[in-house]
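*Asks:* Protein sequence lines correspond, in order, to chains C and P. Mind the numbering: the first sequence is residues 1 to 170 in the UniProt record's numbering, read in order. Mind the numbering: the second sequence is residues 1 to 524 in the UniProt record's numbering, read in order.
What the hints contain is simulated information worked out from the structure, not anything from laboratory work. Warning: the hint list may mix true and false statements.
Unchecked claim - Calculated pairs, DSS-like style, for lysine-lysine (alpha carbon to alpha carbon, straight line, at most 30 Å):
(1) C/62 <-> C/152
(2) C/62 <-> P/461
(3) P/461 <-> C/152
(4) C/62 <-> P/240
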Amino acid sequence: MLQSAVRHVTVARNSIGFRKTCSLPALIQIPRILFHATARVAHGSGKDLKNAPRINLHWIGKKGEEFTTDGIVGESILEAAHRHEVELEGACEGVCACSTCHVILEEPVFESLEDPSEEEEDMLDQAFGLTPTSRLGCQVELSQDMNGLKIKLPSATRNFYIDGHVPKPH
Amino acid sequence: MYTLRQYAVRFHRRQPVAAGPFVEFASPKHHVCFSTTPLYASASNIISRVGIVGAGPSGFYVAKYLLKELGPGATVDVMDSLPTPFGLVRTGVAPDHPEVKAVQSDFEKVAGDPRFSFYGNVRVGYDVDVATLRSLYDVLVLAYGASEDRTLGIPGEDTLEGVVSARTFVNWYNGHPDYAQDAKLTGMLGEILAQASAQVAVLGQGNVALDCARVLAKRPADLETSDICEHALVVLRESKLAAVSVVGRRGHGQAAFTIKELRELSRIPGARLVVPPEEVARGLTEFTIAELAQSRPRKRLADLVASLPGPAVGGQAGEGGERVVALRFLLLPRAFLPDPRRPRRLGAVVFERARLELDGQGKRVVAVGTGETEELPCQLALRSIGYKSQPVDGLPFDNKKAVVPNRHGRVLEAASEEAVPVPGVYCTGWVKRGPSGIINTNIYDARETVAAIMEDAAQGKLPFSSSFSLLEVLAQAGRKKSEDVVSWEGYEKIDAWERRHGAARGKPREKVTDSHRLLEIARS
Ligand SMILES: Cc1cc2nc3c(=O)[nH]c(=O)nc-3n(C[C@H](O)[C@H](O)[C@H](O)COP(=O)(O)OP(=O)(O)OC[C@H]3O[C@@H](n4cnc5c(N)ncnc54)[C@H](O)[C@@H]3O)c2cc1C
Ligand code: FES
């Protein structure tokens, strides 16, 4: 099980420098993940982002409303959302185990990112309104190149869970 | 526990909110009052007292989103029949899934809101009735989940020892007081699993079924650092289990479990997950292939099942200490058979082999019996075909769907299209939509219910509430003494106790499973 935790720690960098998240020091700080084969650790824990550069994030809310906030290079989309009280849940606290932080990105940005891990893909399969450019907000770390990033929150229409994809695991 | 002073403070804090304008609103013409009194027209001012029945995820999410809408003078009371909050996050979610339980810290933040109160150990329908609650609250939200299970209705199900519901088993290892304290159950499970080469059949293929199979198949050492209860560990340490079969009626294209849980099961140290290739092949009918092409999650899941190894040829289950977990498909349970040597005990399950067909409307894939049968020897069968909600006296119930009849979370007077809403009563979570979906699903559900509440409040559709407190009413009814009601502070003591005793064993917590002891700690 340690093996599988370590497998996801590799920090990959693609051609334009977007970084896959997860940091080894964070894993070490929270030993409880060692109990579990698939647990990962919330990002940003222990990171000092005070002096990190800021970028702009454009959000499209659940009802289609648009707004802009800042984002700190090095934090995850989920952390940026929580700093600004954007309505994005993080039920598992950013360890890729709940899919409540589902966001939709634009295709070019999505393509430029490192592929999501198998674990993230598995969790995405449980997300509502899954799209081809869906990601988990806790698994995408902001980088300088992402200035102006558009982030769409999946819409929660009235009958969302009736009309949309309904995961029925239980 | 509430001291008299806390209780008085709570009570008086409410007075200014509940008095004044609300007295006027008691008139049946209150619609008019709202439209002519713009001062009170904001929905957040109108709601002053909210009661929520059930402190599981759905109750907490409703509390969370309502508190965002309500004014500073409002109060939200959440009651639960157990002394502890969090519903199935505590009594359902598997002990080796701590990351799923992380959601508790979000709920703890909700409970930290000064407008929030917890009333643990209060069973609605027994300690207090619904009519009384309706008179106490402007808004009453039912979030009491599903505490029964669906049954198969086949011979031997109710009579043979060793046929147990997955709900019972899960509650047992997770320390639900009604099950963990059942010495007969613990004794029976211990005895069965300690038999050489014990075999278990799990009937059903949702994530609960996989949870049960995983807990049974894991090496005890790999569970020791989880919050699984000590009494369960004692049984699992002695287990000589050889094989678990997880059996479904339909094919792998229709299985209800999710890929993350299946992948996890395929990677358990000391266990091997297998699937008979011919059952996978028979599940790939033309329409299933077409269906899989339509859904990425289903396709990825089906591909993972198909990639699993087949049962070892000539190999014995349990060889070399390795446990075998077998996924089995297209088998309809027909009867539980007794063990010939111990006729009161389960010895095998009889299945009828099935093939897939489309139903009459050509929409749903159904399993149809072929007449061919198979006997699967096992000493323990866990029935995992779904949970079921129960009615509460004084409220309508849809017996067919086993949910509270509702439209977008507004409880209806009857289970019909034309039925009108019961003013001020709402529902959310499993009791609203049936027992399916992950914790995530309750978020959407709660948002919808809160939207309905706020809409009704804005339109003046909420009834008037009295200014009595829940504790006063409980005392009057004589069913529950106020010192037996667990407040949030009381729960925090339980939480601290459990964490402390867990830490001593290297666990995140050691749950207290005796209700009396829980109350004692809360009172301490
Ligand atoms: C075994 C199991 C494992 C699961 N694992 C996962 C998982 O890993 N990940 C995931 O996302 N989801 C999981 N789920 C699903 C998840 O637990 C549910 O979606 C969720 O708990 C439903 O929330 P609820 O609040 O509607 O019901 P519950 O969680 O059942 O809460 C209902 C509450 O109401 C209380 N109550 C009942 N009757 C009364 C009464 N008369 N008066 C007062 N209170 C009452 C109960 O004590 C309980 O606390 C699992 C479910 C089960 C059964
Ligand atoms: S916060 Fe749970 S998956 Fe991202």
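*Asks:* With reference to the structure, classify each hint as holding or not holding.
*Replies:* Structure-based check of all given hints:
no. : hint            : result
1   : C/62 <-> C/152  : holds, 8 Å
2   : C/62 <-> P/461  : holds, 27 Å
3   : P/461 <-> C/152 : violated, 34 Å
4   : C/62 <-> P/240  : violated, 52 Å
The structure does not agree with the numbered hints 3 and 4 stated previously, though it agrees with the rest.
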